[in-house]
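Chain by chain, the residues:
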Amino acid sequence: MVRSVTSFGRSGLSDWLLQRFSAIVLALYTLFIVGVLLFTPDMSYEQWSGLFAQEWVKIFTLLTVLSIVIHAWIGLWTVGTDYLPKVWLRLLYQSAVLLVLFVYLIATVRALWGF
Amino acid sequence: MKTNRPVNMDLTTIRLPITAIASILHRISGIVLFVGTAFLIWALGLSLSSAQGFEQVSQLISSVFWFKFIIWGTLAALGYHLVAGVRHLLMDLGLGETKESGALGSQISLVVGVLLAILAGVWLW
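Line by line, the protein sequences give chains E and Y. Quick note: the first sequence, position 43, residue 43 per our numbering, numbers continuous. Quick note: the second sequence, position 87, residue 87 per our numbering, numbers continuous.
It cannot be assumed that every hint is accurate.
Ranges of calculated distance between the beta carbons of each label pair, as one might list FRET restraints [to be verified]: (1) Y/I108 / E/L17: 19 to 27 Å; (2) E/L63 / Y/N4: 52 to 60 Å; (3) E/W16 / Y/D10: 43 to 51 Å; (4) Y/I24 / E/W56: 35 to 43 Å.
Far from chain Y, some chain E residues (derived; all Cβ distances over 10 Å) [said to hold, decoys possible]: (5) V5; (6) F8; (7) G12; (8) S14; (9) R20; (10) T30; (11) V36; (12) Y45; (13) I68; (14) I70; (15) P85; (16) L91; (17) R110.
Honestly, the hints are just simulated from the structure, not real lab data. Glycine is no exception: its CB is placed at the ideal position from the N, C-alpha and C atoms.
Kindly generate the complete structure, drawing on both the sequences and the hints.
This is the structure in structure tokens:
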């Protein structure tokens, strides 16, 4: 059996499950942020920074970006294996995707704990 | 594999069924979200950095067209991707997997996706 070494969970079933867990986190965070913005049409900086000063909002946001890392890794891995048959090209593409996702993670940590 | 099997490389003669359209748009919206996330995280960082940064982001979203358009595109992609994702979860439960219900589910996803894109536009403009 040929095992994929570049997929997130190293197995199709694991990726399938992680894609769904991460999707649920992302859906909940979307509802949360869109809800906050809809119910606070004239948001001030004090309200906005006060929201993100709360520990649970920081953790929820970090969990969401971790979910994006997993979800996009699995999703874009699938796209790459479909359209990039050349191994070197696919590895290059996947490295670029991972680098971008890592930057997203670092940028979020800095945004949340840096203010 | 036989090398003399019929091959049709003329893509204009192939019509995608609605289920395929729903599927490829799920994929495209995912790629749009991957790119759009960069702007969202950058805007989050700037908006939290200071009152001036917050004001800058508000200005960008309310009066700079290209930025507003990127935010709208990201929200529209998010709306459709979310709906198509929920449809996937329903299909995991065995709902909407037949030829007919699959086509119906695709139609519903596309219609709701367009509605959400319009609502996002109304919200931003």
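Tested hints:
1. At about 26 Å, the beta-carbon gap between Y/I108 and E/L17 stays in the expected band of 19 to 27 Å.
2. As the Cβ distance of E/L63 to Y/N4 is approximately 54 Å, the hint placing it in 52 to 60 Å holds.
3. The hint said 43 to 51 Å for the Cβ distance between E/W16 and Y/D10, and at roughly 35 Å that hint is violated.
4. As the Cβ distance of Y/I24 to E/W56 is approximately 38 Å, the hint placing it in 35 to 43 Å holds.
5. Taking the minimum C-beta to C-beta distance to chain Y, about 22 Å, the non-interface status of E/V5 holds against the 10 Å cut.
6. Every Cβ of chain Y is farther than 10 Å from the Cβ of E/F8; the closest lies at roughly 15 Å, confirming the non-interface assignment.
7. No Cβ of chain Y approaches the Cβ of E/G12 within 10 Å, the least distance being about 14 Å, so the stated non-interface status holds.
8. Remark: the non-interface label on E/S14 is consistent with the geometry, its nearest Cβ contact in chain Y lying 15 Å away (cut-off 10 Å).
9. Not every CB of chain Y is more than 10 Å from the CB of E/R20 (nearest about 7 Å), against its label as outside the interface.
10. Residue-level check failed: E/T30 sits 6 Å from the nearest beta carbon of chain Y, not beyond 10 Å.
11. In this structure E/V36 is separated from chain Y by more than 10 Å, as the shortest Cβ-Cβ distance comes to about 13 Å.
12. For E/Y45, the non-interface assignment is contradicted: its Cβ lies about 4 Å from the closest Cβ of chain Y, within the 10 Å cut-off.
13. Here E/I68 does not stay apart from chain Y, with its beta-carbon only about 6 Å from theirs, under the 10 Å limit.
14. Its beta-carbon lying about 13 Å from the closest one in chain Y, E/I70 satisfies the requirement of being farther than 10 Å from that chain.
15. Distance check for E/P85 against chain Y: the nearest CB is about 15 Å away, which clears 10 Å, and the non-interface claim stands.
16. The non-interface label for E/L91 is consistent with chain Y: the shortest C-beta to C-beta separation is roughly 18 Å, beyond 10 Å.
17. A cut-off of 10 Å between C-beta atoms contradicts the statement that E/R110 is not in contact with chain Y; the least separation is 7 Å.
Hint violations for this structure: numbers 3, 9, 10, 12, 13 and 17, all remaining hints satisfied.
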